[in-house]
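Chain by chain, the residues run as shown.
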Amino acid sequence: MSEVITDAGGSFTRTAGRQLILLALLGIASFVALAFLLGWLSRATSDTQGVSDAVDPLTGTITLAMSSEPPQLDSTRATDQVSGFVLGHVMESLLRRGPGTDLRPGIAERWEITDTGATFHLRADARWSDGKPVTADDFVFAWRKAVDPATASEYAFFMYPLKNAERINKGELPVESLGVRAVDDRTLAIDFERPTPYFEKLAVYSTYGPVRRDFYESMQGRYGADADTLLYDGPFRITTWVHGAHLRMEKNPYYWDAANVKLNVIDIPYVTGDPLAVLNLFKDGKVATAPLDAETLDNALEQRWKINRFNDGSVFFIEFNHRPGRVTDNVHLRRALLLASDSGELVYKVMKLPGNLPGVSLFPYWLQGLHGFFRQEYPPPPLRVDIPEARRQLALALEDLGLAQLPPLVMLADETGPSVLQAEYYQNRYKHTLGIDVKIDKQIFKQRLAKMTAGDFDLVMAGWGPDYDDPLTFADLFTSWNRNNRGAYSNPELDRLVRVAQSSLDPKTRMDAFGAIQKILYDDAVIVPNYERGVVYVRDPRLKGVERRVVGADPDYTNAYIEARP
Amino acid sequence: MLRYSIKRLLQGIVTVWFIATATFIAMHSVPGDPLLQNKAVTAEIRKNLEVKYGLDKPVTQQYLIYMSNMLHGDFGISFTQQNRSVNDIIAKHFPVSATLGILAVAFAGIGGILWGALTALYRNRLPDVVIMFLVILGVSVPSFVFAAIGQLTLVHLNALVGHTVFPVAGWGTVSHMFVPSLVLGLGTMAFLTRLMRSSMLEVVNADYVRTAKAKGLPITRIFLKHELRNAVLPVITVLGPAIAAITTGGFVVEYVFAIPGLGRYFVQAVNQLDYTVIMGTTVFYGAFLVLMVIIVDLLYGVVDPRVRLA
Chain A
1 MSEVITDAGG SFTRTAGRQL ILLALLGIAS FVALAFLLGW LSRATSDTQG
51 VSDAVDPLTG TITLAMSSEP PQLDSTRATD QVSGFVLGHV MESLLRRGPG
101 TDLRPGIAER WEITDTGATF HLRADARWSD GKPVTADDFV FAWRKAVDPA
151 TASEYAFFMY PLKNAERINK GELPVESLGV RAVDDRTLAI DFERPTPYFE
201 KLAVYSTYGP VRRDFYESMQ GRYGADADTL LYDGPFRITT WVHGAHLRME
251 KNPYYWDAAN VKLNVIDIPY VTGDPLAVLN LFKDGKVATA PLDAETLDNA
301 LEQRWKINRF NDGSVFFIEF NHRPGRVTDN VHLRRALLLA SDSGELVYKV
351 MKLPGNLPGV SLFPYWLQGL HGFFRQEYPP PPLRVDIPEA RRQLALALED
401 LGLAQLPPLV MLADETGPSV LQAEYYQNRY KHTLGIDVKI DKQIFKQRLA
451 KMTAGDFDLV MAGWGPDYDD PLTFADLFTS WNRNNRGAYS NPELDRLVRV
501 AQSSLDPKTR MDAFGAIQKI LYDDAVIVPN YERGVVYVRD PRLKGVERRV
551 VGADPDYTNA YIEARP
Chain B
1 MLRYSIKRLL QGIVTVWFIA TATFIAMHSV PGDPLLQNKA VTAEIRKNLE
51 VKYGLDKPVT QQYLIYMSNM LHGDFGISFT QQNRSVNDII AKHFPVSATL
101 GILAVAFAGI GGILWGALTA LYRNRLPDVV IMFLVILGVS VPSFVFAAIG
151 QLTLVHLNAL VGHTVFPVAG WGTVSHMFVP SLVLGLGTMA FLTRLMRSSM
201 LEVVNADYVR TAKAKGLPIT RIFLKHELRN AVLPVITVLG PAIAAITTGG
251 FVVEYVFAIP GLGRYFVQAV NQLDYTVIMG TTVFYGAFLV LMVIIVDLLY
301 GVVDPRVRLA
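Just so you know, the sequences run in chain order A and B. If you read the first sequence in our numbering, its first letter stands for residue 1, the second for the next number, and so on. If you read the second sequence in our numbering, its first letter stands for residue 1, the second for the next number, and so on.
For reference, chain A alone in the conformation it holds in the complex:
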């Protein structure tokens, strides 16, 4: 390239430079103009509520972010946590939740439960958000819908305590044969398949909520898809639902207990799963609470905010494959692995996120026993780390299996960071303590489930969240008939104990059964407990009365209020 003619004395550059500045100004102006044009165009299609503050004492508004939006809000089909959160605020079942694990009268003002069935008496002032009364028929319609195989509800098993529910769900009986009927508008009579002493704990769920037939049918399959295709009978109603963008709940004036609902608006104009983004919104005073992860925790600590902790009720553990032919079917091998594991080290030295508790049992600490915590009344066998004993058990296992050397074990795990970290910890630990090789099989969520269901693993990093507030939700996980028992563990004694716990009306008998199940799980080394999941979060100090729950809507803002600044 020749340098001769590019510039003569700099005058060209200067003049052209001035031209460029002019062009730049023109460019900026047209960019801003374009932005306003697009903003004006999109205003026609999206709502603009402006930017509100985290908490507004004047209007009684709180603003939140959510990680994803509810897939849909038909209570008979909803299963995920986000749907549970929204439904818990806009719908009410026969019962409602009070502080802690208390159950309070909801749409039903009183009820009787016997060993053959139950009767619920609905309150006279229970109304839908269009002003019409909530009747017993609305429950019958919804419950039949939930067990109807055509609905294909994943939570249909929830209804199995109702007479004939399971057989209807399998398509063997018509839905009309379900054990529930409306005696009159305000009396709901229920027949049980077998005694269900914990029925109250089920009836509080949104799956057991009402759906009004005429409204449902007028929606022609779009029930629960949008704000105006739903009827509400809870403390709040949805007034805006822009998919993926904005969900706004306002106080429901028709709610029977509206006088005791303090908040006027729960506004959720942010949908993102990015904890850092939510924390930034919190810093900017735009959202009332922000969950923290390992990365954002330090950031929040630097601000000297009060960090709250909460255990969300889920338990995580290693599950074994008990199918014949798998080495993990050998109890000595499982015991060796259990004895070599150290959940304390996993939680405190590897995961390092405050809130998590080292796992000690399948039954988490928060479960209620007879008078207090189940764990205090039925302490689990202590998990000790005992490497010499683990090695002895390994030798026994090799003898049983007739092997000189154990083949590498396949450990199935999610491909997400924390899951891989835990799998690698165990890989390292089992190699150093027992000389066992572990191969980690990282898979996306759906493929992990597929491999678990097909039994294509030796060990799997698994977990279980409670469906309802009773030890049974954990106890029946390893029964031979439970489809979630993906390691195919089978023990007639455990099955028998679960049947006792399912049908006994005597609380002591039930709790004894759970205690015995806990012991079997330990003696048989069915799981290696990892941790009870904790969450840490920051919250605007002016927001009070928020209830965190292990089951049901979490967090629960029904009784929340804003404390005006002193």
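In short, the hints are calculated from the structure, not lab data. Treat the hints with care, since some could be wrong.
[Said to hold, decoys possible] Subject to a maximum C-alpha distance of 25 Å in a straight line, what follows is the list of computed DMTMM-like cross-link-like pairs (lysine to aspartate or glutamate):
(1) A/K170 <-> B/D56
(2) B/K39 <-> A/D554
(3) B/K47 <-> A/E176
(4) B/K57 <-> A/E172
(5) B/K47 <-> A/D148
(6) B/K39 <-> A/D80
(7) B/K39 <-> A/E250
(8) B/K39 <-> A/D414
(9) B/K47 <-> A/E166
(10) A/K163 <-> B/E44
(11) B/K47 <-> A/D456
(12) B/K39 <-> A/E415
(13) B/K92 <-> A/E250
(14) A/K446 <-> B/E50
(15) A/K451 <-> B/E44
(16) B/K52 <-> A/E217
(17) B/K39 <-> A/D312
(18) B/K52 <-> A/E166
(19) B/K39 <-> A/E193
(20) A/K446 <-> B/D56
(21) A/K442 <-> B/D33
(22) B/K39 <-> A/D495
(23) B/K52 <-> A/D214
(24) A/K446 <-> B/D207
(25) B/K92 <-> A/D80
(26) B/K39 <-> A/D476
(27) A/K352 <-> A/E424
(28) A/K170 <-> B/E44
(29) B/K47 <-> A/D467
(30) A/K451 <-> B/D56
(31) A/K170 <-> B/E50
(32) B/K47 <-> A/E172
(33) B/K52 <-> A/D80
(34) B/K52 <-> A/E176
(35) B/K39 <-> A/D214
(36) A/K451 <-> B/E50
(37) B/K92 <-> A/D226
(38) B/K57 <-> A/D148
(39) B/K39 <-> A/E200
(40) B/K39 <-> A/D329
Since the structure of chain A is provided, determine the placement of chain B on it from the hints.
Coordinates of chain B only, in the frame set by chain A:
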């Protein structure tokens, strides 16, 4: 011109068909089961779900059904958003992605041309060195870093001013749009700056520029008419694919700024093996990309008369 356009459109349709078929095959070969959830369901419920989504039929038949539905413009019902059709998801969320994408491309295009011209003008001098250093940063730093930095800057800016100048996240007003679109456009702007610079350097040594200077034309005229206009041609060529790439690749920025664009559904669908949404968004994005390339090729003829003859 008309025959050329029709020919290009027909080629485009074949390309889209190929994209749809390849996606269909790839999607069904990915390990995993779309209907499996954390909590197991009974065999009967599973059967009902399979019937609902047509998964009970052989794959070849599923393919034919899918293709014929697609010809009618029906992408089906989402597996995860069970009450929403894929058409509805695209119709609601694509305009958001497109708005963000157009702004980002406008920013990248304007910025790229100006910075490129500037660096060429001051070649090997201080402005050139500084800008080209920043350009290398812009090309190599991934957008999620820019997004996080951009958001943090806003937090500090708002704290400094004492009220919200620009919202930290969310969507709905003009003030929500600026920062995300700048962040999204940065990488492309850096790339365009380099392209513009080299193209400009080629042009300033061209014979016609030498002639123009020898003729004693005014500097403004030489710079604008002879240099800029010719140098901008390669930039326009890549603008079409850039619009498509930015519009479809905005997932990270949408995620960080809580913007309800289509990108989120696109990525989530793949993770969730949501067959209908995967197919719908891929085919839609594919068609969009093909259309953009065609439009740019046609526009190119308008800008550069030499191409029109060919």
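Now the hints, each set against the structure:
Of the supplied pair hints, the one linking A/K170 and B/D56 holds, its CA atoms being roughly 18 Å apart against a limit of 25 Å. In summary, the hint linking B/K39 to A/D554 is supported, as the alpha carbons are separated by about 19 Å, within the 25 Å threshold. At roughly 22 Å between alpha-carbon atoms, B/K47 and A/E176 fall within 25 Å of each other, so this suggested pair holds. At roughly 24 Å between alpha-carbon atoms, B/K57 and A/E172 fall within 25 Å of each other, so this suggested pair holds.
Our distance criterion of 25 Å between C-alpha atoms is met by B/K47 and A/D148, whose separation comes to about 13 Å. At roughly 10 Å between alpha-carbon atoms, B/K39 and A/D80 fall within 25 Å of each other, so this suggested pair holds. With a C-alpha separation of about 32 Å, the suggested pair B/K39 and A/E250 falls outside the 25 Å cut-off, and the hint is violated. Between B/K39 and A/D414 the CA atoms are separated by roughly 16 Å; this keeps the pair inside 25 Å, and the hint holds.
The suggested pairing of B/K47 with A/E166 holds, with an alpha-carbon distance near 16 Å, which does not exceed 25 Å. With a CA separation close to 18 Å, the supplied pair A/K163 and B/E44 stays within the 25 Å bound. This hinted pair checks out: B/K47 and A/D456 have alpha carbons roughly 23 Å apart, not beyond 25 Å. Among the hinted pairs, B/K39 with A/E415 is consistent with the structure: their alpha-carbon atoms are about 19 Å apart, no more than 25 Å.
Of the supplied pair hints, the one linking B/K92 and A/E250 holds, its CA atoms being roughly 24 Å apart against a limit of 25 Å. For the suggested pair A/K446 and B/E50, the alpha carbons sit about 16 Å apart, so the restraint of at most 25 Å is met. Between A/K451 and B/E44, the direct Cα distance comes to roughly 21 Å. Compliance with the 25 Å bound is thereby established for this hinted pair. Between B/K52 and A/E217 the CA atoms are separated by roughly 19 Å; this keeps the pair inside 25 Å, and the hint holds.
Note on B/K39 and A/D312: the hinted pairing holds, with a Cα-Cα distance of about 18 Å set against a maximum of 25 Å. Between B/K52 and A/E166 the CA atoms are separated by roughly 21 Å; this keeps the pair inside 25 Å, and the hint holds. Of the supplied pair hints, the one linking B/K39 and A/E193 holds, its CA atoms being roughly 22 Å apart against a limit of 25 Å. Restraint check: the Cα-Cα separation between A/K446 and B/D56 comes to about 19 Å, which is no more than 25 Å; the hinted pair holds.
For the suggested pair A/K442 and B/D33, the alpha carbons sit about 16 Å apart, so the restraint of at most 25 Å is met. Distance restraint check for B/K39 and A/D495: the Cα-Cα separation of roughly 20 Å lies within the 25 Å cut-off, and the hinted pair is therefore satisfied. For the suggested pair B/K52 and A/D214, the alpha carbons sit about 24 Å apart, so the restraint of at most 25 Å is met. For the proposed pair A/K446 and B/D207, the alpha carbon gap of about 62 Å is over 25 Å, so the pair is violated.
Simply put, B/K92 and A/D80 have alpha-carbon atoms about 23 Å apart, close enough for the 25 Å limit, and the pair holds. Distance check on the hinted pair: B/K39 and A/D476 sit about 13 Å apart at the alpha-carbon level, within 25 Å; holds. A distance of roughly 15 Å separates the Cα atoms of A/K352 and A/E424; the hinted pair therefore holds under the 25 Å criterion. With a C-alpha separation of about 6 Å, the suggested pair A/K170 and B/E44 falls inside the 25 Å cut-off, and the hint holds.
Using a Cα cut-off of 25 Å, the hinted pair B/K47 and A/D467 holds, with the two alpha carbons roughly 24 Å apart. Straight-line distance between C-alpha atoms of A/K451 and B/D56 comes to about 20 Å, which keeps the hinted pair within the 25 Å bound. Note on A/K170 and B/E50: the hinted pairing holds, with a Cα-Cα distance of about 15 Å set against a maximum of 25 Å. A threshold of 25 Å between alpha carbons decides the hint, and for B/K47 with A/E172 the separation of about 14 Å falls inside it, so the pair holds.
For the hint pairing B/K52 with A/D80, the CA-to-CA distance comes to about 20 Å; that is within 25 Å, so the pair holds. Under the criterion of a C-alpha separation no larger than 25 Å, the hint pairing B/K52 with A/E176 is consistent with the structure, at around 23 Å. The suggested pairing of B/K39 with A/D214 is violated, with an alpha-carbon distance near 31 Å, which exceeds 25 Å. Distance hint between A/K451 and B/E50 is fulfilled; the C-alpha atoms sit about 19 Å from each other, no more than 25 Å.
For a cut-off of 25 Å, the pair hint linking B/K92 to A/D226 stands: about 13 Å separates their Cα positions. Our distance criterion of 25 Å between C-alpha atoms is met by B/K57 and A/D148, whose separation comes to about 23 Å. Restraint check for B/K39 and A/E200: satisfied, since their Cα atoms lie roughly 22 Å apart, inside the 25 Å limit. Distance hint between B/K39 and A/D329 is fulfilled; the C-alpha atoms sit about 24 Å from each other, no more than 25 Å.
In terms of the numbered hints stated before, the structure departs from hints 7, 24, 35, listed from lowest to highest.
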